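As you go down the protein sequences, you meet chains A and B in turn. Heads up, the first sequence is in the numbering used here, so the first residue is -19 and it goes up one at a time. Heads up, the second sequence is in the numbering used here, so the first residue is -19 and it goes up one at a time.
Heads up, a few of these hints could be off.
Pairs count within a copy or across copies, as identical chains cannot be separated in the list.
Calculated lysine to aspartate or glutamate pairs in the DMTMM-like style (CA-CA distance at most 25 Å, straight line) [stated by the list, open to error]:
| no. | residue 1 | residue 2 |
| --- | --- | --- |
| 1 | K63 | E73 |
| 2 | K83 | E31 |
| 3 | K83 | E113 |
| 4 | K97 | E(-18) |
| 5 | K88 | D(-5) |
I should point out that these hints are in silico values taken from the structure, not numbers from a laboratory. Just so it is clear, the structure is predicted and the values come from calculations on it, not from any experiment.
2 protein chains.
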Amino acid sequence: MEEKVLQAIQDEYPDDFSWCYGCGRLNEKGHHLRTGWQKEQTITYFTPEPEHTALPGFVYGGIIASFIDCHSTGSASLALHQKNGHVIGDGSEPPRFVTASLKVEFVKPTPHGVQLKAVGNVTEIHPKKWSVETEVFANGVLCAKGEVVAVVMPNTFVQKS
Amino acid sequence: MEEKVLQAIQDEYPDDFSWCYGCGRLNEKGHHLRTGWQKEQTITYFTPEPEHTALPGFVYGGIIASFIDCHSTGSASLALHQKNGHVIGDGSEPPRFVTASLKVEFVKPTPHGVQLKAVGNVTEIHPKKWSVETEVFANGVLCAKGEVVAVVMPNTFVQKS
Chain A
-19 MEEKVLQAIQ
-9 DEYPDDFSWC
1 YGCGRLNEKG
11 HHLRTGWQKE
21 QTITYFTPEP
31 EHTALPGFVY
41 GGIIASFIDC
51 HSTGSASLAL
61 HQKNGHVIGD
71 GSEPPRFVTA
81 SLKVEFVKPT
91 PHGVQLKAVG
101 NVTEIHPKKW
111 SVETEVFANG
121 VLCAKGEVVA
131 VVMPNTFVQK
141 S
Chain B
-19 MEEKVLQAIQ
-9 DEYPDDFSWC
1 YGCGRLNEKG
11 HHLRTGWQKE
21 QTITYFTPEP
31 EHTALPGFVY
41 GGIIASFIDC
51 HSTGSASLAL
61 HQKNGHVIGD
71 GSEPPRFVTA
81 SLKVEFVKPT
91 PHGVQLKAVG
101 NVTEIHPKKW
111 SVETEVFANG
121 VLCAKGEVVA
131 VVMPNTFVQK
141 S
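One chain only, chain A, in its complex shape (with noise of 0.2 Å):
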């Protein structure tokens, strides 16, 4: 049985914020990832697609980075929204985080087709800069490990006209 976030941080991010192919909910080819607590960890699921494989029977590298990537930034958003005293759900606008650095170690090839969770470790390193170290299960066992930094969303990060 697959398992599911229930209150994401993704849900909350406004509109414009949600076209990220990663994690944006608007996004209608996207992978839609959803980050959420458990107890003091991140947990982010994913069930790669068919054709998201690097070899047949195993999961392709670059989805893995991806769906690291997108668990970071939303394990640090998390985490920043609930320093500033605030839960999923209270109406306030989380804060919106971009990727500074993604380092991912590929422990063991990545069975595909099963549900695969990403459980993090958020630490503050900065107020804008947060440290996520993840780790990647298949069936219960760990396949890959990721280390991110985050950075709250800088104002060159803005729309194109």
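Got chain A sorted already, so can you dock chain B onto it with the hints?
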């Protein structure tokens, strides 16, 4: 005008290894990344699809990570193939690589709607382990840097029965 790699290592992979979502020529829904030599460096071009956005106007980081991933494994394959005395088109099967680790530094927001160019430098660090350092350009401007360690595909990476 879009530029194109004329002789790509991915064109030489056997059919069984051409299902990668990033660079498999047989994966109909994939990105079809193709990597070749440009003097001593390796290059790959990619024009993201309309849906590959982070915000409208900018390319999604997970897509840039995917671009660097396949560019790097292709670059390692090119380099080892050359070390083994082969050139693309001589009828010999190139070695296949998998990604051990992938690091992406996002230097600046990557504009959407233009062809991206990845330029790689490949170094042997062990007969079965190669390092690929990549710079990704949009309109000639450096937008991201990649560091990948690619390893010759191990026997554990075989198709599930």
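Evaluated hints:
{"no.": "1", "hint": "K63 - E73", "in the structure": "within (13 Å within a copy, 55 Å between copies)"}
{"no.": "2", "hint": "K83 - E31", "in the structure": "both (23 Å within a copy, 24 Å between copies)"}
{"no.": "3", "hint": "K83 - E113", "in the structure": "both (10 Å within a copy, 14 Å between copies)"}
{"no.": "4", "hint": "K97 - E(-18)", "in the structure": "within (10 Å within a copy, 38 Å between copies)"}
{"no.": "5", "hint": "K88 - D(-5)", "in the structure": "between (37 Å within a copy, 23 Å between copies)"}
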